[in-house]
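K.L.:
Chain by chain, the residues:
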Amino acid sequence: MKKRLGIISFFVIIFIAFIIVWNYSYEQGLEDAYIPMIEKPKGSFIPSESVVFKRFNSDKVDYANMPIDENYQRMLVNYYTNRAYPGAPPSIPHPIKNERSVGGNTCNKCHENGGFVEKFDTYAPVTPHAEKSNCRQCHVTKNTRETFKAFAFDKKQAPKVGKGTNNALLGSPPMIPHQLQLRENCIACHAGPSAPKEIRVSHPQRTNCRQCHLPKNNRSTQQIDASKFIRKFDDLNER
Amino acid sequence: MYKSISGRRDFIRKMAMLSAMTAAATMFPGILFAKEQEDGIPKDANLDWKKGPCRFCGVGCGILVGTENGKAVAVKGDPNSSVNRGLLCVKGYHQIMCIQSKDRLQHALVKKNGRYVKTPMHEALDIVANKMKGTIKEHGKDAVAMFTSGQSTIPEGYIASKLMKGAIGTNNLDCNARLCMASAVTGFLTTFGADEPMGCYEDIDHADYFITWGNNMAEMHPVLFSRMLEQKSRRGAKIIDFATRTTRSSTASDKSILFEPQTDLAVANAICYEIIKNGWVNKSFVKKHCNFSKGLTNMGYGLEDNYKFKDIPEKINFDEYKEFLKDYSPEKVSKYSKVSVKDIKYLAAIYGNPNTKVVSYWCMGMNQHTRGTWMNNLVYNIHLLTGKISQPGNGPFSLTGQPSACGTAREVGTFTHKLPHGVVMNKKDREMAAKIWKVPYDRIPAKPTYHATEMFRAVDRGEIKFIWTQATNPMVSLPKTGRYRPAMQKESCFVVVSDVFPTPTSDVADVILPAAWHIEKSGMYGNSERRTQHWDKMVEAPGEATEDAWMFIEVARRMGYGDLFPYCKENHVEEIYNEYRKFHAGKKHNMAPLEVLKKQSGAIWPYVNGKSTQWRFNAKYDPACTNGESFHFYGKKDGKAVIWQRPFEEAPEKPDQEYPFWLNTGRVIEHWHTGSMTRRIPVLHQAVPNAYVEFHPDDAKKLGVRNGEKIKVTSRRGSCTLPASINERGLPTKGQVFVPFFDENMLINDVTLDAFCPISKEPDYKKCAVKVEKA
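Sequences listed follow chains A and B, in order.
Numbered according to the working numbering, the first sequence spans residues 1 to 239.
Numbered according to the working numbering, the second sequence spans residues 1001 to 1775.
Just so you know, the hints here were simulated from the structure itself, not pulled from any lab data.
Wrong hints could be hidden among the right ones.
[Unchecked claim] In silico contact screen, one side only, chain B against chain A (beta carbon under 8 Å); selected entries: (1) Val1110; (2) Leu1229; (3) Ile1669; (4) Glu1670; (5) Gln1686; (6) Thr1733.
Where a beta carbon is used, it is the ideal one built from N, C-alpha and C, also for glycine.
Just chain A, same shape as in the assembly:
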């Protein structure tokens, strides 16, 4: 009897200890799980800021050490021929491999990092937004040269480029004459062998492009027009 009581009380003690230990560690576990952390931004956050630096961080392309192949370089006029108007998504000027595909990896194979394509005898242009994989949502093929009806769309002149055109002062860094949406990654079009000759940057090793180059007109959607000083100093007083 005594022996049995001893065994029972031994197990009771073990069981109580188990409950205490289990409770203690459960409480601890709860506390840890409760710590509220600041959520790290995910996905496409502040694209106008983050995408600028993107391609520089890639170990696949070394923009600083990219020579130019003059025999195969693109000209700005060809760049714009391929677009309905400046800023429109370019059409696809070559036959495509898989008509049923949205694009994605098939296009990105050449257009993510560029490189010489023997088949088309040219350097593949690099996309500034390789993370968008439904390419053919915006980019379509060109299967006829004809138009359905006569056509009166007035194609806007492309922004002028060249020395002094977009500069505010002699020799100052040129401003950005185009919109930035989906073109935040400057280096994609402005450096490398596929970059149009006229807009190729001389210093692709500089990563913080917008330290010196600003868009000409940045904000158009806001409700408040505050582009002028509202103080009435000039009207009221002698100068």
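Position chain B against the provided structure of chain A, taking the given hints into account.
P.N.:
Quick look at chain B alone, frame taken from chain A:
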């Protein structure tokens, strides 16, 4: 950078040679840059290039200004400047455009019957001098005050100090650097006993890790950030961004760590806790070169008028410090800082690893903080515990926001408690100043009077009857402008404003004095790395616009102090500098002579035996070290730096039910401070024409706010209406909104709180509670 080649075979053959050339070019990008800029200038342009420092931030880039027929027409980076090596930022490249602005102040204006009337300069100066004299006679010396700037040149600051403290005999002199650098100063003084960073920008070329504390360098110190990015791509140096908001800097850095506002105090202590716990303390360094101290806690926030505080330091030992840190284990701190334990340990491991070189950078995030002095101390603690200080690539580095916050505000000492050498409280320092200024020793009062915020409170209370502001725009930049704007409009105070452009501050003036801009006068600025830079006048100022220093001198003469100001108009800048240099003679602070400054693109003080001292307190580089050890913190009497026990304390105002958001304010790359210059530069204005309020997308969604919509931001003090900005320039954390403060049409400082650090008296613009609603 590009080399053109013809054959496809050449392509490959020339690759190796080319990459070697590119590597060389990246090492000296400035040389290439300046050359490229020159290519953009027509051959027939006959430009005359003159060197100087940039007008804007505290980085102090060297610029070359091209003038033609007496007009400034171009700017390029100075390839000979070791600061920027030929590169500038967009503000720097276009800076000279502002002086052509059509609303430039060209004549003195005196307010008569509510209108400003054009007045000849000599008459306006008569009015100012008479008013100042009359006020002193009627109400005493302490009824007149002067509020200057970290943009004043060294001679301007020096003359302001000599006029107020030496000639008139009042300590009513403070400057806008109180709003941006004061916590850095008190941080340096409490820890090292000597102001300004020990290292220099060359640290960037040596460091393995850059840790930025609440500092968006990509926008605020872009040229230094570009130097860091260069090291990142060349050597694999890492940038870690520790901040309360995701910015351009966060996206360019290797790792971004976000924390809850105000908890940086706790995280810094947690890093020290980990360093000690893991045995990463550099024991011999700490034993030889460090003391431990604690000060008073629960200091308050200076929200009430006439608030006074004096810290009482008390020595402690290492074990007491260790005991104190027990409250700051990463696990405990993680709960309220919302930084993961892993990230805290990661930061500690970087500092703790004896084989990595680490530089910490900070600017307004740590300085504009109600515990700013503590926060500065805490970062020094980390560097002192690990001995990572005063060596190439290792050290804490406090950045400045104004071009001469160091050179003028801190070195000349245009603060109420300062003298060109030392402080007014110290008898020896007063004696030295009196001797050089040739004034009776007892004329300089021993008691400091008003710091910036308190100065404008005194205007409001009617204690100050005359105030003169120079090169600053306090009606936009002070916190809680809703109180101080009506204060300045009161009849009881006569307001004189010297400026280049009309600003909201000149709107409340009784007399407006037209000032010459940067390149329209000669002068010197001192940048963040103790570099003094000189420039010569390059173009004439329009109309009657005059050098600020000369306006001070003219008024001093009219007040009867002519014998103390015996300078000639043509050469006053050089005469003043030579007089000022006497204050800093000696190995600890010697300033470079004028001939040197004219010849080269700046020199770092202490300038000893014809050499700049790049790393202070390190016997290898600093000839002022005399204790025979490898380091000597000679600012303190016993030659030891202090590791401070500073706890975490809450912010004075936190979001609650009624005001549920944190409001953070700051800057953008395009605009500089209150925008009075940059908004007059078309390139910059067109890029960012107005301020905005940034939301986290989730908060915007919850409130139903769309991009561009009008939003009213309201605090207990006032409100401001701005367009919303969602997922554009920056991304505040959830529960936080951010507003840049440059826009005088949308005065966010009507909303901010005028709480300040009790030790430095610097206001906290980064934290207060607001509500937001559609307007």
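K.L.:
Taking each numbered hint in turn, which are not upheld by the structure, reported in ascending numerical order?
P.N.:
The structure breaks only hint 1.
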